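Here's the letter readout for the chains.
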Amino acid sequence: MKDLIRAALAVLIVSALLMWANAELGKSAGKAGADTITVYNWGEYLDPDLLKEFTKETGIRVVYETFDSNEAMMTKIQQGGTSYDIAIPSEYMIEKMKENDLLIPLDHSKIPNLKHIDPYFLDLPFDPGNEFSIPYFWGTVGIAFNPELLDGDYDFSSWEDLWDPALRQKVILVDSAREVIGMGLNSLGYSLNSTDEKELDEASEKLATLAPNVKAIIGDEIVEMMQRKEAAIALTWSGQAADMMSVNEELDYAVPEEGSNLWFDNMVIPKTAANVDGAHKFINFMLDPEVAAQNADWVGYSTPNKDALDLMDPELVDDERYYPDEEIRDHLEVYRNLGPEMLGDYNERFLKFKMEMN
Amino acid sequence: MAGTGKGQKLFLGLVFLILYAPIFFLIFYSFNSGGTMTSFESFTWEHYAAVFEDTRLIMIVFNTVIVALLSSLLATTIGVLGALAIVYMKNRKLRSTLLSLNNVLIVSPDVIIGASFLILFTALGVKLGFTSVLVSHVAFSVPIVVLMVLPKLLEMSNSLIDAARDLGASGKDVLTRVIIPYIKPGIFAGFFLALTYSLDDFAVTFFVTGNGFSTLSVEIYSMARAGITLTINALSGLLFIVTVGLVLGYYALNRRSKTLFTGVKR
Amino acid sequence: MQSKSARALYLIPYGAWILLFVVAPIALVGYYSLFDLHGSFTFGNYRNFFSSIYLRLTLSSFWYAFLITLFSLLIAYPTAYYLTKTKHKQLWLLLIIIPSWINLLLKTYAFIGIFGQYGPINALFAAIGIGNKQILFTDFSFIFVSVYIFIPFMILPIFNAIDRLNPALIDASRDLGANSWTTFRRVILPLTMNGVKSGIQVTFIPALSLFMITRLIAGNKVITLGTAIEQQFLVTQNWGMGSTIAVFLILFMFIIMLFTEQREKGGTGNGRNR
Numbered sequence: 001m002k003d004l005i006r007a008a009l010a011v012l013i014v015s016a017l018l019m020w021a022n023a024e025l026g027k028s029a030g031k032a033g034a035d036t037i038t039v040y041n042w043g044e045y046l047d048p049d050l051l052k053e054f055t056k057e058t059g060i061r062v063v064y065e066t067f068d069s070n071e072a073m074m075t076k077i078q079q080g081g082t083s084y085d086i087a088i089p090s091e092y093m094i095e096k097m098k099e100n101d102l103l104i105p106l107d108h109s110k111i112p113n114l115k116h117i118d119p120y121f122l123d124l125p126f127d128p129g130n131e132f133s134i135p136y137f138w139g140t141v142g143i144a145f146n147p148e149l150l151d152g153d154y155d156f157s158s159w160e161d162l163w164d165p166a167l168r169q170k171v172i173l174v175d176s177a178r179e180v181i182g183m184g185l186n187s188l189g190y191s192l193n194s195t196d197e198k199e200l201d202e203a204s205e206k207l208a209t210l211a212p213n214v215k216a217i218i219g220d221e222i223v224e225m226m227q228r229k230e231a232a233i234a235l236t237w238s239g240q241a242a243d244m245m246s247v248n249e250e251l252d253y254a255v256p257e258e259g260s261n262l263w264f265d266n267m268v269i270p271k272t273a274a275n276v277d278g279a280h281k282f283i284n285f286m287l288d289p290e291v292a293a294q295n296a297d298w299v300g301y302s303t304p305n306k307d308a309l310d311l312m313d314p315e316l317v318d319d320e321r322y323y324p325d326e327e328i329r330d331h332l333e334v335y336r337n338l339g340p341e342m343l344g345d346y347n348e349r350f351l352k353f354k355m356e357m358n
Numbered sequence: 001m002a003g004t005g006k007g008q009k010l011f012l013g014l015v016f017l018i019l020y021a022p023i024f025f026l027i028f029y030s031f032n033s034g035g036t037m038t039s040f041e042s043f044t045w046e047h048y049a050a051v052f053e054d055t056r057l058i059m060i061v062f063n064t065v066i067v068a069l070l071s072s073l074l075a076t077t078i079g080v081l082g083a084l085a086i087v088y089m090k091n092r093k094l095r096s097t098l099l100s101l102n103n104v105l106i107v108s109p110d111v112i113i114g115a116s117f118l119i120l121f122t123a124l125g126v127k128l129g130f131t132s133v134l135v136s137h138v139a140f141s142v143p144i145v146v147l148m149v150l151p152k153l154l155e156m157s158n159s160l161i162d163a164a165r166d167l168g169a170s171g172k173d174v175l176t177r178v179i180i181p182y183i184k185p186g187i188f189a190g191f192f193l194a195l196t197y198s199l200d201d202f203a204v205t206f207f208v209t210g211n212g213f214s215t216l217s218v219e220i221y222s223m224a225r226a227g228i229t230l231t232i233n234a235l236s237g238l239l240f241i242v243t244v245g246l247v248l249g250y251y252a253l254n255r256r257s258k259t260l261f262t263g264v265k266r
Numbered sequence: 001m002q003s004k005s006a007r008a009l010y011l012i013p014y015g016a017w018i019l020l021f022v023v024a025p026i027a028l029v030g031y032y033s034l035f036d037l038h039g040s041f042t043f044g045n046y047r048n049f050f051s052s053i054y055l056r057l058t059l060s061s062f063w064y065a066f067l068i069t070l071f072s073l074l075i076a077y078p079t080a081y082y083l084t085k086t087k088h089k090q091l092w093l094l095l096i097i098i099p100s101w102i103n104l105l106l107k108t109y110a111f112i113g114i115f116g117q118y119g120p121i122n123a124l125f126a127a128i129g130i131g132n133k134q135i136l137f138t139d140f141s142f143i144f145v146s147v148y149i150f151i152p153f154m155i156l157p158i159f160n161a162i163d164r165l166n167p168a169l170i171d172a173s174r175d176l177g178a179n180s181w182t183t184f185r186r187v188i189l190p191l192t193m194n195g196v197k198s199g200i201q202v203t204f205i206p207a208l209s210l211f212m213i214t215r216l217i218a219g220n221k222v223i224t225l226g227t228a229i230e231q232q233f234l235v236t237q238n239w240g241m242g243s244t245i246a247v248f249l250i251l252f253m254f255i256i257m258l259f260t261e262q263r264e265k266g267g268t269g270n271g272r273n274r
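Chains as they are written, first to last, in full-length UniProt numbering: chain A, 1 to 358; chain B, 1 to 266; chain C, 1 to 274.
These are calculated hints, taken from the structure and not from any lab test.
Just so you know, these numbers come straight off a predicted model, no measurement behind them.
Check before you lean on any hint, since a few could be wrong.
Stated by the list, open to error - In silico DSS-like cross-links for lysine-lysine, where the CA-CA straight-line distance does not exceed 27 Å: (1) Lys6/B with Lys85/C; (2) Lys85/C with Lys9/B; (3) Lys52/A with Lys281/A; (4) Lys6/B with Lys89/C; (5) Lys184/B with Lys87/C.
Said to hold, decoys possible - Only part of the chain B face toward chain A is listed, based on derived beta-carbon distances under 7 Å: (6) Thr38; (7) Met59; (8) Phe62; (9) Val65; (10) Leu69; (11) Leu70; (12) Leu73; (13) Thr122; (14) Leu128; (15) Thr176; (16) Ile180; (17) Gly210; (18) Asn211; (19) Ser222.
We treat Cβ as the ideally placed atom computed from N, Cα and C, and that holds for glycine.
Use the sequences and the hints to build the structure in full.
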């Protein structure tokens, strides 16, 4: 009995020591403190140096947490067991969060830097008057490919190119229902927000014929797969493509002409926020042209901050692949929130699609 | 079938080779200056240095260990009491119901455990974070402790207790002087297994964590998505060596009792 | 024996645990499964489960779980048997368990590297003239890695069962003129059946619900019930449907536990469920 008690005590003491060590480490890392905000963001989607700079400038400490999908983020916020002050959802999720009353309206007088944002990205249908959200990054969905691994000259100006029988087992798709079903719809010339069962059936049938070419359907691992030349073609987001190219220069990225998705990630303040004032300060800080430029440089996605563009590498800013002009952008579609039934339908079709792959 | 033939040794060798291959693969590349797990450039210690410089990572390792130790301790306590309760239960039907309920979490898939705990915490209005993770880890570790302790209790003969009684021992004495010492190997085995359950868990923690709290496996998951860094390889190399060291120590200590993991041996 | 009040005291924390973390979650999952997306009562989720897609999913899930369990058993049984013959068998057993303590995700990433186009396996293939093969994202890689994960948990209970065997029985069988195969089939196997059943329990059911490696190793070309549950909870946010699939998984679990029930006490669950 004695040695059991001794062992239990040892466990308690070690735990207490580790807790103490953690508290000490936390202090030096700047985690604890009175004025704190918690930022909930995608992985690798913010230059960590900027968080330190924000703390230096405002005295507010930042707790930084990441999520891996809009839906996971919303589930956690809805659950209510958390207090996030800033979240960065995509546009369709903002509609959904508005519907569920999960957002706090923004006080524009506290965000003077809003003037730096390109008006093209303001007042969009998913959030009229930017009542709840401020654009953070934007981009497209398209095809990243490695010409060195392909026999023949492909430019992927059409979705149809993916169905080329010569591309057997070469295509990686992103594991996301809207993107893949949307590609099916776009390839037939339909809207990627279609709710027409007939159009969706056609798209599903068309997608099923892609099976021989599909190598895998995976998440963010796509970036590494492409960098390692494990795969030749990937359906992916422009920012991920930029990520791949930063390592593997021979890669290229194209947005097919039939149309594709134009997306926006936006900063919002969730209902669960504990420090609304600090959250506004953070948004304003991120909109500063120099900050935005540094962040865009680090993340690799396209910034909506027009004054930041002047501070960035002109070669990048003029690259139509990342900063397509308005004419091309008007060709693209923004995801609408289709409602839970339709989303369920999309997901079930996607599940079926996956099962047809084998 | 006497002795170990060459074929048998070869077979075992192959099994061990495969079991350890991915671990050695990870450790091998932790010394790669190239920064990826594809081409080995030259030898370096830099990734190991990086582990010790990354305060956040160290904090997460500590968090993981704290949760593992505390949850195992609590689970062992509850589990031992549970095993005693089961043994003393006279009603056969109730006893077997309790036992099969006990096994539910052992065979339940992690996803279901995680999702149902998330529902439960939502229903109870529990804040997600350290507490919810700790409670979940306790919850899924309890049954394995019961399963480790129960056989030891069953094999203990009643005459031992009767003898103690005859010698004038009180109920409390019987428990602390006779029963507990006898089932000690089972208790340690249970604690040990609870520890490994907790350290290895990803899915349950993923569902029930929040508010800045993270354990190593959840952290590795979110990192891995953005491309795994060799710092993580170095960290797992370190953890592997520490684990092997602890295990060898544990083996040396428990050699004589010969029960170790197989606390269920009769 | 202890007094009645003391016994009741033992039951309180354990009983509370059972109620809170076993009974309550099962009840909640069952409750949620009866509601649709708008929170109104329905049996629609159950009807939906019997639609072609989820039924097909269940069947393919069972097929893969069967294959994984079969291969795990084929490798684990001889391994366990040979292990009992070694000198430091307890140490060797520990060494079998150790790899399962290294983070599964990390090992999975290692397998991505090992099976990759430029990994050691393909390098070996090229060296012996087979040429480059696509290994990652195939049924083979999925089953291989799954078997890899489950082997230690299959070995543990079988090892215990074999180790408990009375050697006199084997000698007796020999003396009666039985050859090795007959001895194995008539004596060793029946006496170690409980260990095998435990091993099947801790492999088959978790194999039905593997997730993560379905994406990372099988490239989502294999979908399990676990993946479907995860999707319903975290992507579609249809908790009703997710719970319904979970209800069926729990049902399957009870059925399998019934089939693999042990006659004699004690041999159960030396394995783990991951």
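Quick rundown of the hints versus the structure:
1. For the hint linking lysine 6/B to lysine 85/C, the alpha-carbon distance of about 13 Å falls within 27 Å, and the restraint holds.
2. For the hint pairing lysine 85/C with lysine 9/B, the CA-to-CA distance comes to about 10 Å; that is within 27 Å, so the pair holds.
3. Taken as a hint, the lysine 52/A and lysine 281/A pair is honoured in the structure, with Cα atoms around 14 Å apart against an allowance of 27 Å.
4. The straight-line distance between the Cα atoms of lysine 6/B and lysine 89/C is roughly 17 Å, inside the 27 Å bound, and the hint therefore holds.
5. At roughly 26 Å between alpha-carbon atoms, lysine 184/B and lysine 87/C fall within 27 Å of each other, so this suggested pair holds.
6. A distance limit of 7 Å between C-beta atoms decides the matter here; for threonine 38/B the minimum to chain A is near 5 Å, and the interface restraint holds.
7. Contact between methionine 59/B and chain A, as hinted, is supported at the beta carbon level, the nearest pair being about 5 Å apart and thus within 7 Å.
8. Nearest Cβ of chain A to the Cβ of phenylalanine 62/B: about 5 Å, under the 7 Å cut. The hint holds.
9. Interface hint at valine 65/B: satisfied, since its Cβ lies 6 Å from the closest Cβ of chain A, which is below the 7 Å cut-off.
10. With a cut of 7 Å, the hint placing leucine 69/B at the interface with chain A holds, because the nearest CB-to-CB distance is about 5 Å.
11. A cut of 7 Å between beta carbons decides the hint on leucine 70/B: the least distance to chain A is about 5 Å, and the hint holds.
12. The closest approach between the C-beta of leucine 73/B and any C-beta of chain A is roughly 5 Å, which is under the 7 Å cut-off, so the hint is satisfied.
13. For the restraint placing threonine 122/B at the interface with chain A, the shortest Cβ-Cβ distance is roughly 5 Å, inside the 7 Å limit, so the hint holds.
14. Evaluation of the leucine 128/B hint against chain A yields a held restraint, the C-beta minimum of about 4 Å falling below 7 Å.
15. About 5 Å separates the beta-carbon of threonine 176/B from the nearest beta-carbon of chain A, less than 7 Å, and the hint is met.
16. Here the hint on isoleucine 180/B is kept, as its CB sits about 5 Å from the closest CB of chain A, short of 7 Å.
17. At its closest, the beta carbon of glycine 210/B sits 4 Å from a beta carbon of chain A; the interface hint therefore holds under the 7 Å criterion.
18. This hint holds: asparagine 211/B has a C-beta 5 Å from the nearest C-beta of chain A, less than the 7 Å allowed.
19. For serine 222/B, the interface hint holds, since its Cβ comes within 7 Å of a Cβ in chain A; the closest pair sits about 5 Å apart.
The structure is consistent with each of the numbered hints, conforming to all of them.
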